[in-house]
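Q: From the two separate chains plus the hints, produce the assembled complex.
Below are the chains, spelled out letter by letter.
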Amino acid sequence: MTEADRTIALHAGLVVVGAGPAGLAAAAAASRAGVDVVLLDAAPVAGGQVWRARQGVATAPVARALAGLARAGVRVLAATRVVMPLPDRTLLIDGPDGAHRLHWARLVLATGARERLLPFPGWTLPGVFGAGGLQALVKGGWPIRGKRVLVAGTGPLLLAAAATLRREGAALAGFAEEAGPLALARFATALLAHPGKGLQALRLGTALAGVPLLAGGRIVAAQGDGRVERVVLEQGGATRTIACDALAASWGLVPQAELGQALGCTLAPRFGDAALVVDGAQRTDVAGVFAAGECTGVAGAVAAQLQGEIAGRAAAAELAAAPPPRDLLARRLARELHFAAAAAATFAPPRRWRDRLRDDTLVCRCEDVPWSALRDQPDLRSAKLATRCGMGHCQGRLCHDTLASVMHWPRLPVRSPLTPAPLASLLAIPDSPPSIEETLP
Amino acid sequence: MSTAILVRVDGRPLEVRAGTLVAAAVELAAPGRGARVSPSGERRQPLCGMGVCGECRVTIVGQVHRLGCQTFCTAGMEILTDD
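Chains A and B supply the protein sequences, listed in that same order. The first sequence: position 71 = 71 (the numbering used here), numbered continuously. To convert, count from 1 in the second sequence and add 441; that's the numbering used here.
FYI, nobody ran anything at the bench for these hints, they're computed from the structure. Check the hints yourself; a few may be wrong.
Unchecked claim - Which residues of chain B face chain A? A partial, calculated answer using Cβ under 7 Å:
| id | residue |
| --- | --- |
| 1 | 460 |
| 2 | 483 |
| 3 | 494 |
| 4 | 513 |
Said to hold, decoys possible - Stretches of chain B that chain A covers, calculated by requiring three or more beta carbons in the stretch to come under 8 Å of a beta carbon on chain A:
| id | stretch |
| --- | --- |
| 5 | 444-457 |
| 6 | 495-506 |
To be verified - Calculated from the model, a selection of chain B residues having no Cβ within reach of chain A, i.e. all distances over 12 Å:
| id | residue |
| --- | --- |
| 7 | 491 |
| 8 | 492 |
| 9 | 519 |
| 10 | 524 |
In this text the structure is predicted, and so the values were computed from the model without any measurement. Note that the Cβ used here is the ideal one computed from N, Cα and C, for glycine as well.
Bound-form chain B, shown alone (with noise of 0.2 Å):
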């Protein structure tokens, strides 16, 4: 399971393993950033890891509101967090 990925979190590269949750790159990418704000201002982090919080939501390539924690990156997959 050495197989890297490439993938764009924001706009920049990021190599993963294979059977990296989205969640977790964008973690990677900006580690203790966190994917969603809410809708007073705080940045999230996920919560619950099986796609009820909604904490983990981005953008896939124009699809919005996907869950990074029930998503795998996939080659060239392109990331969007929040800003």
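Same shape as in the complex, but just chain A (with noise of 0.2 Å):
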């Protein structure tokens, strides 16, 4: 008997791959039309970045999706991830009882974004977090009472992440968005067309009443012996240090296509970044295969929960007889788009990133692999070669990240295994794996 066989194989009418808006969304239309659907999420409690549990338990918005989910009979699976797509519309999944082959009539791709975390100097030193990665720790009870934050880089997360740890007890240090003041009241007047948005930034805003405002600054460097004690920021010409105990900080959002792309998803640039393209049903190029929310570019929350509504409900047309998607729903995403292109222009990532690196700046953080290395490699393919950059835990989701991104390197194709896997999972691949021969280029 071979591993292969003795994992379970699943077969779903629908399979949705990330339970955050987008995915939830998409898993109560099809279940609604009567398709039988799996939904899964890396994270041990459902609801993605947006909607993250606190202390281990599920927010309103999801505890209410949840309970509608079980009902329908929507098998969700906490704690699991995608390895890698199987020929035959199958993935191999592993989870907490082990890896298994999940087969689908069709697939929702709702994967979300991540951060844009880019190096600068002092970026490794404990202390340093994203914004939105601090805001998920201290959710799951990272202690932050007391302690003084700074919050820097671009994007409304910045804000939303400050309101969270200031609510939780951080005193803020400052708060540095780069987007210059232009650039901000340009937004602004894009805000008026979308009132609910504008009343949320100003709820967000307040809740930063008397913290330092550092409209324009920009990191230097995080500084400290062995942990964050200070950052230094230049604004407006001028250089200014300030005294902290974490530095919380990103640049916006990545759309995470990695699935999409090993499937053979195309991708395209949509609101600054390569995401998934999809068509007004939220269909991509590859047949049967559906995707929705912010891997199909980076639009809030609001607008997954639209297209994971379209993207299930156009699904659930093709697998039963439903009706497809209503006009409505099409119309609602349009105005989520336009603002998002709004807020795309105006948090845009920086120029010009490799002057703020010196030689000695880590840009893989998992291989320690400085930009002295790699600034005269010819490409990312070459750069991973000669010095390992993206060969680690993440396996470049940060530093080509950095380098595609801010520095404009062509991308690399996606790698199977998208994550890091146990052994015996990928032994559960049905045909026995690839010889080594057969790998090598």
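A: Below, the structure is given as structure tokens:
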């Protein structure tokens, strides 16, 4: 008996990967239409990043959604990752009870986005976090009360992270948004066309009352002895140093499109970053594969929910005698995407990032590869082979994002497994794994 | 949610609230120390908080490379960080 025989093969009409706003909406829409749905997510509790559980308890919208899915008989697989796609509409998945093959008739990718976490001198010091990263950790019990936190970088997420950190008792040492006052004023004008979002921003902004605002401030370096003790910022040509216990920094979000890429879906730039290309029914260009939410372009949770509902309904219409998505959804989505375009223009990733690196700045923090080892490499493939940049745990999700999105190096194709997986899980592939010879170029 | 859970971090007992991430338990046990040591010997703390960067990796009761930011503490859990 081989390892593959021992694994259980699961079947579903629709498989949804990712249980954030898009995935939950897709699963709900399809199950309402009578489709048999499996929903899986890498996190132990559903919700994705925007609806992340606090102290292990699902947030209200997620609890409501999960209750509805349970009534509809949707199977929810928590703490489960897709290791790689297999032939014949099958995914190899790895979860708490090991590896399984999961067969799908239709697939919705709702894999979301991750923060753009860029390297700068001192960014590997303990106490330096992504802004959403620290927010997520704090929701999981990371002690923050009384700590002085500087929030810096760019993007609407900074405001949300700062509000959460303050509510949990952090003392904000400052808030430095790189987008200049002019860009912010233009964005405020765009907000006028979206009263709901304006109010949301106002509420978050109010939560920052009394926090030193460092408009246009850019991180030069994090410094300290074994942990961050201060951050040097450049603001309007002058340098200033902010004492803090933690730095929460990021520069917007990047679509997580690796699974779609591995399936062969086409990517194109949307709102500034490579994203999965979809049609009006959220179909990708691979038969049977839909995509919804931020893996198709970063446009926020409301857009993600609408796209998820469209994808779920469209998939159901193909599988069962269900009506296609209503035009109303498309009209509401168009409004959201209009807003996303304005946000992307305001909070664009910084230019000339290489000017912020020193020779000894580690670009790949898995393998400790400094910028000096990378600067003269002709492309990512050479960099990877010569320096191991992108060959560690994150598989280039941080360093290759950096080199592609702010240095404009062409991206490499994705390689399976998509996520580090135990060998036993890889042995669950039905046919014997490729020999070493076959994997050599 | 005041249920207390007893875990061990590098052999030392620690009481945490239910719903506490393993990464947070490591911080509570030894503030600022971090769980991972990089190839050049730097101590690291989690960066992304969402299972991407891998800086939160720990060993949990014999299972290596578990993501501390994607795993909740359970009663009696033995968590080991890098030396």
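Q: Next step is simple, just say for each hint if it's right about the structure.
A: How the hints compare with the structure:
no.	hint	in the structure
1	460	3 Å, holds
2	483	6 Å, holds
3	494	5 Å, holds
4	513	6 Å, holds
5	444-457	violated (count 1)
6	495-506	holds (count 4)
7	491	6 Å, violated
8	492	6 Å, violated
9	519	18 Å, holds
10	524	16 Å, holds
Checked against the numbered hints given earlier, this structure breaks hints 5, 7, 8; the rest are met.
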